[in-house]
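Novice: Produce the entire structure from the sequences given, and follow the hints as far as they go.
Residue numbers (our numbering), protein chains in the order written: chain C, 1317 to 1462; chain R, 784 to 1446.
FYI, nobody ran anything at the bench for these hints, they're computed from the structure. Think of the CB as a built atom: it goes at the ideal place given N, C-alpha and C, for glycine as much as any other residue.
Estimated spans, in silico, between C-beta atoms of each pair:
{"hint": "1", "chain 1": "R", "residue 1": "A992", "chain 2": "C", "residue 2": "Q1366", "range": "54 to 64 Å"}
{"hint": "2", "chain 1": "R", "residue 1": "G1228", "chain 2": "C", "residue 2": "E1441", "range": "38 to 48 Å"}
{"hint": "3", "chain 1": "C", "residue 1": "E1441", "chain 2": "R", "residue 2": "Q1112", "range": "52 to 62 Å"}
{"hint": "4", "chain 1": "R", "residue 1": "R1237", "chain 2": "C", "residue 2": "H1385", "range": "39 to 49 Å"}
{"hint": "5", "chain 1": "R", "residue 1": "A992", "chain 2": "C", "residue 2": "P1365", "range": "51 to 61 Å"}
{"hint": "6", "chain 1": "C", "residue 1": "E1441", "chain 2": "R", "residue 2": "L1275", "range": "45 to 55 Å"}
{"hint": "7", "chain 1": "R", "residue 1": "Y832", "chain 2": "C", "residue 2": "E1441", "range": "31 to 41 Å"}
{"hint": "8", "chain 1": "C", "residue 1": "E1415", "chain 2": "R", "residue 2": "K847", "range": "45 to 55 Å"}
{"hint": "9", "chain 1": "R", "residue 1": "K1128", "chain 2": "C", "residue 2": "H1385", "range": "17 to 27 Å"}
{"hint": "10", "chain 1": "R", "residue 1": "T1394", "chain 2": "C", "residue 2": "E1441", "range": "38 to 48 Å"}
Residues per chain are reported as follows:
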Amino acid sequence: MSDKFSPSIVGFFCNWCTYLAADLAGTSRMKYAPNVRVVRTMCSGRVDPQMVLWAFRNGADGVLIGGCHPGDCHYQEGNYKALRRSKLLRKMLPQFGIEPERLRLEWISASEGERLRDVVNEFTEQIRRLGPLHKKEAAPKVAVAA
Amino acid sequence: MNGNGKNGARVGVYVCHCGTNIAGKVDVYAVTEYAGKLPGVVIAREYKYMCSDPGQELIVKDVKELKLNRVVVASCSPHLHELTFRKTTANAGQNPYLFHMVNLREHVSWVSDDPVAATEKSKALVKAAVLRAFWLQELEPRRFPVNPNVLIVGGGIAGIHAALTLASAGKQVYLVERESSIGGHMAQFDKTFPTLDCAACILTPKMTAVKQNPNIHLYSLSEVSEVSGFVGNFKVKVKKYPRYIDEAKCIGCGECIEGCVYKDGKYPNEFDMGLGKRKPIYMSFPQAVPSIPLIDAATCIEFKSHKCPKGCVEKCGDRDAIDFTQQVQEIELEVGTIVMATGFKPFDARRLPQYGYGKFPNVYTSLEVERLVNASGPTLGQVVLRDGRRPESVGILHCIGSRDENTNKYCSRVCCMYSLKLAHLLKEKTGAHVYNFYIDMRTPGKGFEEFYKRVLEEGVSMIRGKVAEVSGWAQSPAEEGKLVLRVEDTLLGVVRRIPVDMVVLSTGLEPQADVQEVRRLFNLGCSAEGWFLERHPKLAPVDTFTDGIFLAGCSQGPKDIPDTVAQAGAASAQCMALIDKGFVEIEPNTAWIDEELCSGCHVCIAMCPYTAIHFDAEKKVAVLNEALCKGCGTCVAACPSGSAQQNLFRDEQLFAEVEGVLV
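Specialist: Structure representation (structure tokens):
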């Protein structure tokens, strides 16, 4: 277990759906891979593409964005904006030498604790198969912007 | 000492054990030690229960003595205790928004197998919070007044009770009901378990009270079509469908119904589950509120051919209440709080063809039997089967559409008890032999178990087993002309065939068919089954994730009448708490635009779903109206110059957090 590659994954979860699904998975005591570290935003529409790139630059092997199902956004349509941005990002990532599969956007509603567990496990496994993003030496750490 | 962090931050980190909930999996001592070494951290402590009084006092004392200006608590979900700890830091004289919470319980200890990995994950999340805390800023919550009027959606017993409670406190209540009368499913029931009160006897006085209360404004045949605004300040549009009878002119005498060209009922009466007949002009039941008939345009001859002699109009005479030209009306309301009491729909027994509903005339659903045994029902309380016979034996099948992998996995909570009630009533009225087929007998409630015992003593047979099939296939002379139930009696361990005259399917409760549309209209969440999601299953059972909207009754999940009434009272109290406080404080997570940096590119303007941003042509910059902003942050993510920022979710804060989780 310990010699197996354990990826670092940043999760951007929206406050109303996916973050609550993660809370529900917790209260239901579902066990899942410990690799996803959650950053809470009010809406998946707040996830700035620069934040995703910043995560990869700082050592993330994968980024998981979680939002409400289409039509269910707490802010009407922020999740659609997240969808467009992630599509563009997935086109852009290969230009940096990053496999587009390292970024995933999922719709997980507040009642879908089980789905959250499955998505996290499956995505962690996928990133594990892809291997570490920074294969050679880790890129020099960059100071926090601003 | 580690020195101050960025922006002069002096951080206190508090790691909660939560008893063993966190400490049982996460090495809280290691996390605390780790936190103590982070830059800017002045003090790091662990404590058994941070949310307890002594836990909170620890924070207050440290803030004062160590001159902390940032507080990080690593405990449970911010959805549970963020407000608690913000108040704590405020009590210490610090701005409450210089606080950040780490979710070690729901997101780490409860979901991890490996203690080492859980501890590492906890360290990363704590570091992220500390780095983020450097960038926190003092903020003030936004205050808005609360409109004292309340909207109640649904006029069943939940909506009725909530309306009466709020109205008696002097609040103006708008009660919107989709059907032609309030009363909901309870009005259809005959008796109520376990006391056997007649449902109409206890409900209709409350319905009349609704009609008579000047503080309650009832909209029947109406649906909410649009909801905007926010807690304390909702704007609601209601569509009122035509009754074709002027409610202001009608006195409810019912002469128009007598005057109809149809001398007898011709169309199935929905209220009697189609067991009785009604005319095109009718009242769904005698005690309907409002006690005004309606005309069903789909069956009325005048609407179909325009050639009806209109006996109804003639009978109405000078009162002139009948109006064939009525149109859909749109009504605009302003309310501060909303109670959702939209109820349930019964499971459709046709979905389980093995029980023969719709195929064998003498297979009934439980709601049909309620009407059948009711003294004002289609048979005036006589249990006469569809084929004209009177039953000598009855089989009541529990859990139809409940506790079933193929339909609904959940227990509908009320069916065991109403099945026992129907067993009692059918036995009392017909003297028939009654069998109850159950999986488990669930009678948790005041007087419920006693009622079960009473029904047992009355000689009702209880057979533990789920009926596999209802058939008309006789294998012996005793089965001729009967409905044959095939069932495994799991207490005897044998498969039995039991012939009966009448089958009652105890159908479960399901969410309303249009629950998804309604949910979106009100911006609510739903459980996987389709019940409205409460804010917390135990501690906030009538609150929702949309502030100012509360839940009552079966729309939140199956429940009986006492629980429904209790919940309606709780929802009313929540409304009153907001109204009497007079104002709401809204999370100051709005966006703002730095005019110096804004290039006037217009990108953010198109992003905003609330049209909160407009372009100032003179200054050539985008301007954000804070009152309209709901704090999604979509404009911030889109702004190419970084001039749009969101309080509590500033770029610096989120970038620092990302860096922190990637230790």
